[in-house]
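Number of protein chains: 2
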Amino acid sequence: MSGHLAVVGLGPGAARFLTVEAENALAGADALYGYGPYLDRLPTRTGQSRHASDNREEKARAAAALRHAADGARVAIVSGGDPGVFAMAAAVCEEIEAGPESWRALDLTMIPGITAMLAVAARIGAPLGHDFCALSLSDNLKPWALIERRLDAAAGAGFVIALYNPVSRARPWQLARAFARLCRHLPPSTPVIFGRAIGRPDERVSVVTLTAADTTPADMATLVIVGTRETRIVARPGRPPLVYTPRAAAEVST
Amino acid sequence: MSGHLAVVGLGPGAARFLTVEAENALAGADALYGYGPYLDRLPTRTGQSRHASDNREEKARAAAALRHAADGARVAIVSGGDPGVFAMAAAVCEEIEAGPESWRALDLTMIPGITAMLAVAARIGAPLGHDFCALSLSDNLKPWALIERRLDAAAGAGFVIALYNPVSRARPWQLARAFARLCRHLPPSTPVIFGRAIGRPDERVSVVTLTAADTTPADMATLVIVGTRETRIVARPGRPPLVYTPRAAAEVST
Chain A
1 MSGHLAVVGL GPGAARFLTV EAENALAGAD ALYGYGPYLD RLPTRTGQSR HASDNREEKA
61 RAAAALRHAA DGARVAIVSG GDPGVFAMAA AVCEEIEAGP ESWRALDLTM IPGITAMLAV
121 AARIGAPLGH DFCALSLSDN LKPWALIERR LDAAAGAGFV IALYNPVSRA RPWQLARAFA
181 RLCRHLPPST PVIFGRAIGR PDERVSVVTL TAADTTPADM ATLVIVGTRE TRIVARPGRP
241 PLVYTPRAAA EVST
Chain B
1 MSGHLAVVGL GPGAARFLTV EAENALAGAD ALYGYGPYLD RLPTRTGQSR HASDNREEKA
61 RAAAALRHAA DGARVAIVSG GDPGVFAMAA AVCEEIEAGP ESWRALDLTM IPGITAMLAV
121 AARIGAPLGH DFCALSLSDN LKPWALIERR LDAAAGAGFV IALYNPVSRA RPWQLARAFA
181 RLCRHLPPST PVIFGRAIGR PDERVSVVTL TAADTTPADM ATLVIVGTRE TRIVARPGRP
241 PLVYTPRAAA EVST
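Residue numbers (the working numbering), protein chains in the order written: chain A, 1 to 254; chain B, 1 to 254.
Chain A extracted, bound-state conformation (with noise of 0.2 Å):
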């Protein structure tokens, strides 16, 4: 069995968030798989080939290339961000897990990448900078009930929380239900970050205040963070503001 599978993690999308290991494994891949315009962001290689799929189909795209790569190929899948936070990386191991026995031989590695929250945090300050989660608001994999009660868990602890996938074309009211939930935990100001397409030419950041939230738009590509109570402002002459969350928490916030 020589065939070896990498999932690999791109970052936001600009080539500048690439690790030294992400650029390794795509330039010694034979294959890559992966949703098109992300495949769209790399450069094209001589006898490399390229297997686009639609972004609703990680489970046969995983299959797909837990195939490719059986047959002895080196094989790279791609993922935005990082393959492990809502991504690529839990579709592999569950066909792994659920195939044949040869998948579980093969040399497999995961290659991390800047996942949306961290790469939409340092583009606006410290959001995330004391105790946070991470939430995806799609109820396609889970009922709409365990999400509101991640979100009253996690904002009535004092957890910043950071949104993925916050809405789509099938998903249009998810997220304007989400910031009523956290309206019961938090105040009105509680400071809300969206950031979209960091480091791309159509990159947003902007950030408001919870009650005014919900008017704000957002897609598919945009990353949400809420803030805690303690979560600041800090405004800046001719720049745009920094947000951040203090490192201490004196006490236990309600």
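No wet-lab data here; the hints were simulated from the structure.
None of the hints are false.
To give a feel for the contact side, a few chain B residues facing chain A, derived at Cβ under 10 Å:
1) Arg104
2) Ala105
3) Asp152
Small disclaimer: the values here were computed from a predicted structure and weren't measured.
Each residue gets a CB set at the ideal place from its N, CA and C atoms; glycine is no exception.
Please build the complex by placing chain B on the supplied structure of chain A, with the hints as guidance.
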């Protein structure tokens, strides 16, 4: 004002985790500030000064770097992992808010990096494959009661939990107390991952169950990931097991 301050994430230590953006910022700096062992990982460059400090001196280090940048230099503060995750970015923001008005006018860039939980997760599979949180076990800057409340909230709502700063010479008992607390919410068989120094010669990654976890050695450089009741361990012939949390959560877990 021509000064510039970059807060640069080095990732977990190995050069292959550096991003292109981080490399460029380090190469272009007049002065580097940071915890001594982090600076020691970087190549020396002619004309670039180094200012090492202890790992408990974030505040003084941030202020010194800001003063230096305000004098017109290109300054980089280095940070292990990602600067926005329990590292230097929040300390810098705190100093800017408290400091002279001129510091707010500085050109400031936060450069994200691979934070420890992403590196450890990638090494073992996809344990953060579903909703998760990151929690510092240090009670230097927050009361222990708040930490326990957050452990309860996170485990009770089914978040995977990444524990940063699990132990230090001055904080020997916190990790065992945290495991005991988590046992109230999670089955004894819940997978627990210990990872340290990913990509370095002294790398160590192990998987145990929650009941066996409190006897497993951890140190200041260790990152601990506690799974959920859904986290799976997949045995592999001749390879370490894969640990992952499935993307789907079928019902509200308690």
